Structures are given as C-alpha cells and as structure tokens.
Amino acid sequence: MRKRNKLKIHSGLAITLAILMSFIGISGVFVTAASEDGGTRVPVYKNLEELSGKRVGVQVGSVFDKIVEEAIPGASVEYYSTFPDEINALKASKLEGVACVESVIIQLQAQDDSIAYIEEPIGAVPLGFLFPKNEKGKKLADQMSEFLTNMRESGEMDRLMAVWNETDESLKPIEDYKSLPAENGTLTFVTEGTFPPFDYFREGELVGYDVDVAIRFCKEYGYGIELKDMNFDALMPAVQSGKCDFAASGIAITEERKEKVYFSEPDYYQDAYVVVLAADRSGGSFISSLKDSFNRTFIKEHRYRLFLKGIWVTLAITVMSIIFGTLLGFILYMWCRKGGKPANAITRFCIWLVQGMPAIVLLMILYYVVFGKADIGGIGVAVIGFTMTFAASVYSMILSGVRAVDFGQTEASYALGFNDTQTFFGIILPQAARHFMPTFKAEIVTLIKATAVVGYIAVQDLTKMGDIVRSSTYEAFFPLIAVAVMYFVLAGLLKLVANKLTASVDPEKRSEEKILKGIKTK
Amino acid sequence: MIEFRHMQKAFGTSVVLKDINATVNEGDSIAVIGPSGTGKSTLLRCLTYLDPPTGGQIFVDGEDITAPGCNIYKVRQKMGMVFQSYNLFGHMTVIENIMYAPVKLLGMSRQDAYDRGVELLKKVGLADRTLKYPEALSGGQKQRVAIARTLAMDPEIILFDEPTSALDPTMTGEVEAVIEDLARAGKTMMIVTHEMNLAKRVANRVFYMDEGIIYEDGPADQIFNDPQREKTSRFVRKLKVLEFNIDSHGFDFVGASTEIDRYCFKNHIPLKTSNKIRSVIEELCVQILLPVVKDPGINVCVEYSEEEEYTIITVKYPDRFRPEDSGDSGEDLSYRLLKANTESIDYSYDEAEGSTIVMKLR
Ligand SMILES: Nc1ncnc2c1ncn2[C@@H]1O[C@H](COP(=O)(O)OP(=O)(O)OP(=O)(O)O)[C@@H](O)[C@H]1O
Ligand SMILES: [Mg+2]
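So the sequence lines, in the order shown, correspond to chains D and W. Be aware that the first sequence starts at 1, since it is given in my numbering, and climbs by one per residue. Be aware that the second sequence starts at 1001, since it is given in my numbering, and climbs by one per residue.
For reference, chain D alone in the conformation it holds in the complex (with noise of 0.2 Å):
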C-alpha cells in the first residue's frame, strides 16, 4: 500500500516533467545570453502604426492601458498582473508588444537579447511614492516631496536614475538600513520586487531604485525603514488600509489614485516605451540554453537560497494551519456536539462563510480588515486564515465521519454503562476516524496548494519565489517547473508523515503483540 503511494507520486512527477519539458522543447523560448555588444537591435515592428489591431501587454493598476489607447489606436490591451509575465507571454507570441518604461527597457536588454523596442515614446509617467490618506500620511507625503525637490534640483536624483540604470549589478551599492538611528519610529516600506531596477531582488534582498530613494529619505528625516514585499494589486490595498507607511513600485500617479491616497512628488518622470521582440534573435543549443537557464534560476546570486526560503515558508505556513486547523475543527466539533442549536448554528455560518469564499479573499480581508491595524505578519495572518479553513474541513469531516458510525456503536456503549463522553472517545471518534482519514490527506495536499496566493499579503512562499526568480531571469519555464517539482515533493512529503501517522493510530494496523500487551496468554 505504502509502496503503491510512492509509486504514485513518482508517476505523477514524471509525467508533469514530461508535459513542462515537452512543452519547452516546443516553444523553444529559451532565454539566451545577452549579446555584449548591446548594440542596437531592430524591432520586428519599426513604429507604433504597425501595433494597430495588436495585442499589447500592460500591467493590471497600471496607467499604461490608458496611454497605449492614446498612443496606439486600434491595438488591444491584454492585462498581467506581472511585468515577467508580460515578457513571457510575449515571446510566447501571446502578445506583440508590452508597454513598460525606460529604465525597465534598460535592464531588460542586458539581459535577455531577443528583446528590442519601438524607439517612440508613448507617454510620460510620473511615478511617485504612495502614503496613507490620514495625517501621518499627509505629514510623510510632505516631507518625501521635499526631499525629492531637494535631490532633483540639486541634481541627486539624475545622478541616482544614471545608478540604478547601469547594467552591471556590482556598481549600484544600497545603503545599510537596518542600522538606521530611526529616532523618529520606524517606517514600514513596501513595493512589489519583481521590476528593477526600481524595486527588486539581488541576493534574496530589496534593492533598487524606490528603494534606495526609500531608505536615504528614511535617514534624512530620521526614520528606521522596515521593507516589504507584496503583490502589485495588493500595493494599494496595504496602504489604504495603514498596513504600511509608503509604498512605490513604479506606481503611477493619477487622479483616481490622488482620492485614495496621498503621492509624493514624483521621484522621477520616465518616458514610456513599447517593447516588441528583436527581429534578429538568435538562438542556443537546447543543451546549453538547458544549462544557462539552470545557471540563471538557481546558481546567479545564490537564487537556490530564495527557493530554499520559500519553500521553508510554504512549508511553516501549511504544518502549522494543519495542526492548529485540525485542533480548532476538533474543538467546534465538541462545542457543538454539546452546544445545542445556537452554537451549531454559529458554527454553520462560519464554516459556510469561510468555505464559500476564495482562500485570497479570505486572506486579504483578515489583512487589510481584520488585522489592519494589529501588528501581525503576513505569515501570522496566513497561519490564521488557513487554519480556519483546515478547521472548517476538519470540522465537516468528523461530523460526517461520525455519521457513518453506526448508531448501534453507541448503544451498545451506553449499555455497557460507559457515558457519553466515554463513548465518544473510545467507541466513535476511532472509527469515525477511519471514514475521514482519506479525506483529511487529500486536504493536506490541496492545502498546500492553496497557500500558493500568500504573495498578496506580503508573505514570500514558494510560489512568489519563483515570481521574484522569473522577474530577474525574465522566463518563465525553468523556474515553473522548479516550484512545481518542489510542490509535489513538499506534497508527497506531507502525504507520507499523515500515512505514517494515520497507520499508526489505525487500530487494524497493529501487531498481535500490542495488541496483547503486558498479558500473558497462557
């Protein structure tokens, strides 16, 4: 049986290898190493007439879809939630060109040469840092455009853009923060990493543009800076709700956003381009853009080491929601075996509310609403979430687990003359325990997965490690597959301690000799 399970996890692994592997091979979207040279490149649409009727890639909460209508009539907006995602699905040919600004097209050429752009700028973006709309907000907002007049007119911030622009990673230093005297508090910062050169990651930490902006404002006025990284359609949220203190992560700044929050000056205005694929692009053996690829999502930078990262988080986040889940199911469970109607009805709408809504949702309202104010973590409020709903589906569990005993066990128990609790523990939740168990694996795994959207509140797991991997590499395949393997082993892991575990309480399972224990038989 054990061996069987193995088996089938083995199985499954290969043939999710075989489909991804299978699919690279056809796509052949390896990214190949940049050219030197950088010379220019010729885009395989020369000006922005010929994107008319194509299809153009923005960012979700981006002010890009209204300039692309302006710039380019007749094309199409796709939204992503991802610059990377956005690069990917453009040299999956799921898009013909992606609009992003100037520093990014910079950083995105070093690296990946099959990438070139229309050299027409569509528009001009201020990009500006977001504060909450109260009076700490106000107060930040005014001191952060200050500072940023000051470093523009004393000619700073040009000097820094020209920094955070250069290609190699070695000349564009970022300051100690954690250090900071912060006599002030200490301000929470938060950005989504996934776009350098403004916010993303180098050797597992923040850095970039905002950032450095970020922290020199922090030490100028006195502050400590805490930085956090979350989802771009959680950017707004957090800091509506006061999660954080500022944000930026090449956020535009707009009139619609102005009623929700305040903007700093811009910290710098970028002339937004289109990018499109390179028309010349040349291409790699399979074996060596294999190798490259390797090289890039987990040597360069010690990358390995974020994955290692989020798959401990992944994993903290599931062991523990499982056994505080299954404690609290088990709890509801006994309260309302006592509880009578009131507490069964309670309990009822809280498992239909918890189980009727998407596990995102569920996070990102306990976040912003629940916890807006509470000094909790991301992870805290993952642990939170899941646990309410493991408990739920622990609860639903033994509540039809302990229906399918049959009613005649408990009769026969009180005959004897033990009592209800007596029963309950020593005739009905062991066999109501056999019915579950199956079902209670089978969460274990869908758990796991579930946890995959903790990114939207600022939690770095295993799938937003893979999302920060693929925004410095800009593909998309490698590490997909990487997390995916890593889910299906962390799964397969999991499934095998609840095996081990459910065997050994399983009271058929055991040996003549426990059963027998400390009696003589003859």
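Accuracy of the hints is not assured; some may be wrong.
To be verified - Derived DEER-like restraints, expressed as beta-carbon distance ranges:
1. W:E1211 - D:A343: 38 to 44 Å
2. D:K520 - W:D1252: 57 to 63 Å
3. D:D420 - W:D1217: 32 to 38 Å
4. W:G1173 - D:K514: 34 to 40 Å
5. W:E1243 - D:A343: 50 to 56 Å
6. W:A1177 - D:V319: 45 to 51 Å
7. D:F349 - W:G1173: 52 to 58 Å
8. W:F1059 - D:K520: 40 to 46 Å
9. D:V319 - W:T1054: 49 to 55 Å
10. D:W352 - W:R1234: 53 to 59 Å
11. D:K514 - W:P1052: 38 to 44 Å
Honestly, the hints are just simulated from the structure, not real lab data. These figures come from a predicted structure and were not determined experimentally. For each residue, glycine too, the CB sits at the ideal point set by N, CA and C.
Given chain D's structure and the hints, the job is docking chain W with the ligands onto it.
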C-alpha cells in the same frame, strides 16, 4: 429484582406503552412475545434507559432508576443488553470487545479481563477467534461474541432483543444453544423474540404484550398451551400454523415454498414430510385450482401437530369445484400425485364459506 410500576412510554403523541406493571425475580427467564409494534423492544430500551420512560417508575434492586439523582451508568452495568444487530465494536478485536468494559468500568486488570474473556469465549465456542475483528466473523459468531461481551460485565440480568432474527436460519441454532445454556445455569433473562422454539426452550415465564400493556403474564407452559385471554390465544395459535393467500394468477410460488420450508424447519418437521407438504400444495393450488377458479382467492393453512406428528392442510376457495373433476379423462396426473402423498382428502361445499378441502398427511 426489577419492578415496573405504571411505567409509560410515549413517542411524541403516540403512546406505545400505556401502563406496564410487572416484577422480574431472580432466576426468571422471561420470553417477551407479541405482535410487531406492540412495544417489546421499547420495554427493554426503557429498562436500560436508552429510551427514557415518560411516566411511572422502574425499580432495580430497590433503586428507582427514574429518580433524578440516579446514576444510570452504574445501573446499566448491572444489566447486559444483546442487540439484534450485534453492535460489536468494529475497531477492536474479539477479545478487546470483551475486555474493554471490565477494564475501563470495573477497573479489572488487563490480565484478569483477558483470562475471563478467553474463558467466556470458550463457553460460547469461539476460543480460537480471540484476535479476529468482528467483520471477519459470521452473524452467529458475532452474536455469540456479543453475548460473551455482555457476560464479561457479570450482569444481574441479561436482556436480549431478538437475538436471532438477523441471522440466517442455519445459524440460529448456535446462538440459541448459548442462550439455553445460560437459562439452564439459572441466569435471569428477558428475551424478546419471534422464535417460538427459542421461547419454549429457554423461558419459564412469558410476557404477552399487546394494547400497550403486558396483556398476559404467566408460566411458559400455560401461555403456550392454555392461554387465558382471547388475544393471547389467537396469537399463540397463529404461531403454530402457516397461513397464506393465493390472490392472483401470477402468484409467486417460489416465495411461498420458502415460507413452507421455514415453517417446517422451525417445527422440526422431517425433510421427507416437508417435501410432501410443498408438493401437495403446489399440485392442488397451482396445477389444479388456479387454472379453473375465476376469481382467485385461495386461502391455504398448514398446521403441524407435534404430539401426533401429522400435518393438516386446509385449502379454501369460493368456487364450487371438486379437485377430482380436473382433467378431462377421469383422474389426471396431478390429482393422482395428490392422493399418493396424502392420507385423506375431504371436500366440502357451503354456500357461505365456499369450497373447503382438508388434507391430512404424515
Ligand atoms: N424512536 C422512536 N420514535 C418514534 N416511534 C417509535 C420509536 N421507536 C419505536 N417507535 C414506535 O413504537 C412502537 C413500538 O416499537 P417497538 O420497536 O418497541 O415494537 P416491537 O414490539 O419491538 O416490534 P417488533 O416486533 O417489530 O420489533 C412502534 O409503533 C414504533 O413505530
Ligand atoms: Mg423490536
């Protein structure tokens, strides 16, 4: 030892037990009989408080178990209950089923409980099944384990609720034998049963239940052979006869045969005789009568007399038709078979009753 005083039980508005008054003495072995739905099971369930009575009192060893302060868990330990559906604990082996309650409730050591369990298993003939799980046992074996489990608590009285009716007829014997042993050893018992043989073998007293009360309470001999009250007498008589109606041309004779076989089995009628009975009924009813009667309404009644060892089959139908008139050329084959298998065949016709055929066979 146990006394019911004006005990009442209602489910919602339907009053099942109206007024139960009885005393059970030590050494009594009581068969509780009566038509279906008259509250026999309910009586036992009230006594064990699985269904609390809704009125009156029950005294166990002088203690009123319906009193608010009564510790019903302790009282239940004095009474063993054997269910129709065995209800063995599925997650325990046979020996654990037996050891569980004495260890947990009586504080017996595991070793003592084990030794006693093995002894009880020997008594019910299952000493080689100690480490089996219930699902690996036949129905009869399960019921014997259930009896052993009950005995392990050394109860003052054992209550059986139709202990053999979920069993295949071939397995009732082994369970009945165990119960009979207990009766012979003088154990106090109450047995709800539809099996008159079991009742006759183990009971020294019978409760006939009807109309929500213990309608007649008396020694077993008296109830079975000379019941004092009208309804009892009708019930007991019916137990001894097999009666069924053939009311359509598409009558299911296979089903009827099974009933005849079961009746013969219960009454210990020899196989040869039972084959004869089946054949006689089939020839007369299916071959001779069914094709000729216009409006089938044939009533068949089989009655076996133990003392004289013969069977009387009475067949009634509305049409005026003599069985020997079947076929066109005098006596046909079916009628000849009928004659060969019976000792006598008497036909009579009555305007009000229709035709009656009485056959006697050995
Ligand atoms: N839990 C219950 N709720 C409502 N009515 C019940 C319940 N249990 C029993 N009854 C009713 O009480 C009556 C007596 O039931 P009981 O099972 O005691 O009859 P019985 O004499 O044991 O019948 P049988 O010979 O068929 O087992 C039946 O009419 C039944 O429908
Ligand atoms: Mg009954």
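Verify the CB-CB distance for V319 (chain D) and T1054 (chain W) against the hinted window 49 to 55 Å. Once the Cβ atoms are compared, 52 Å apart, the range 49 to 55 Å for T1054 (chain W) and V319 (chain D) holds.
Does the Cβ distance between K514 (chain D) and P1052 (chain W) fall inside 38 to 44 Å? 40 Å, holds
Should the hint that E1211 (chain W) and A343 (chain D) are 38 to 44 Å apart at their CB atoms be regarded as holding? For E1211 (chain W) and A343 (chain D) the Cβ distance comes to about 43 Å; the hint holds.
C-beta pair W352 (chain D), R1234 (chain W): status relative to the range 53 to 59 Å that was hinted: For W352 (chain D) and R1234 (chain W) the Cβ distance comes to about 57 Å; the hint holds.
For the pair G1173 (chain W) and K514 (chain D), does the Cβ-Cβ distance stay inside 34 to 40 Å? This hint holds: roughly 36 Å between Cβ atoms.
When you take the CB atoms of D420 (chain D) and D1217 (chain W), is the distance between them in 32 to 38 Å? 35 Å, holds
Does the Cβ pair E1243 (chain W), A343 (chain D) satisfy 50 to 56 Å? 55 Å, holds
Quick one: are K520 (chain D) and D1252 (chain W) within 57 to 63 Å, going by C-beta? With Cβ atoms ~58 Å apart, the hint holds.
Measuring from beta carbon to beta carbon, are F1059 (chain W) and K520 (chain D) in 40 to 46 Å? 43 Å, holds
Taking the beta carbons of A1177 (chain W) and V319 (chain D), is their distance inside 45 to 51 Å? Violated, at about 57 Å.
Does the Cβ distance between F349 (chain D) and G1173 (chain W) fall inside 52 to 58 Å? 56 Å, holds
The structure shown violates just one earlier hint, number 6.
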